[in-house]
Every structure is written in structure tokens, then in C-alpha cells.
Amino acid sequence: MTEENQKTTEAAVMTAMAKFFSDLWFVDDFREQPEYLSEIFETILLTKMGDDQDLRVRMINSIRTSKILAETLGSFSDKEINNAYEKMIKA
5 MTEENQKTTE
15 AAVMTAMAKF
25 FSDLWFVDDF
35 REQPEYLSEI
45 FETILLTKMG
55 DDQDLRVRMI
65 NSIRTSKILA
75 ETLGSFSDKE
85 INNAYEKMIK
95 A
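Each number in the working numbering comes from the position in the sequence shown (counting from 1) with 4 added on.
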């Protein structure tokens, strides 16, 4: 992240976002991530470590963020997302 007073270009931001989505896309199917996180966190909550209130808040926030991403991009096909990525990289 850049410092507050440093200049950055919109193109640089768009390129970074395109790379982020591309990297995310090729790692795993993001549509399944909220379910995976929920399963993992439910298991953790059954342990002593799961009693940590700060950890619980972070887990809930992680699930929420993952759901937002899945809901935002979930209605688009792989091809549509790939085409958008290509356009963003070329911009």
C-alpha cells in the first residue's frame, strides 16, 4: 500500500486489481470459499482456541468478506471473468 500523499495512477490500481482477481481465480474456486471457511471455523470453535473472542470476530469477518466476493463474482462465468481480466490488463 502506498503512503497517503504518494501519487498513483488509476491504471496501476486497475492492473493490481486484475492481477489479484486472476491470482485468486487460478488458486481455487472462490465460489466455494465461504463454505470451506465455515467448515474450518466451526471445527475451530469446538476447541479451546475457539473461545478467543478476537479470533471469533476475525473468523466472522473472513467469512463475510469471502461471501461478498463470491456473491459479487459468482453470477459471472469463468469466460466472462477472464475476458474482463484481459481488458483490465490491456487498459
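Be aware that one or more of the hints could be misleading.
[What the hints assert, rightly or not] Calculated lysine-lysine pairs in the DSS-like style (CA-CA distance at most 30 Å, straight line): (1) Lys23 x Lys71; (2) Lys91 x Lys23; (3) Lys23 x Lys94.
Don't read these hints as lab results, they were simulated from the structure.
We went through each hint and held it up to the structure:
1. With a C-alpha separation of about 20 Å, the suggested pairing of Lys23 with Lys71 holds against the 30 Å cut-off.
2. Restraint check for Lys91 and Lys23: satisfied, since their Cα atoms lie roughly 12 Å apart, inside the 30 Å limit.
3. A threshold of 30 Å between alpha carbons decides the hint, and for Lys23 with Lys94 the separation of about 12 Å falls inside it, so the pair holds.
The structure agrees with every numbered hint stated previously.
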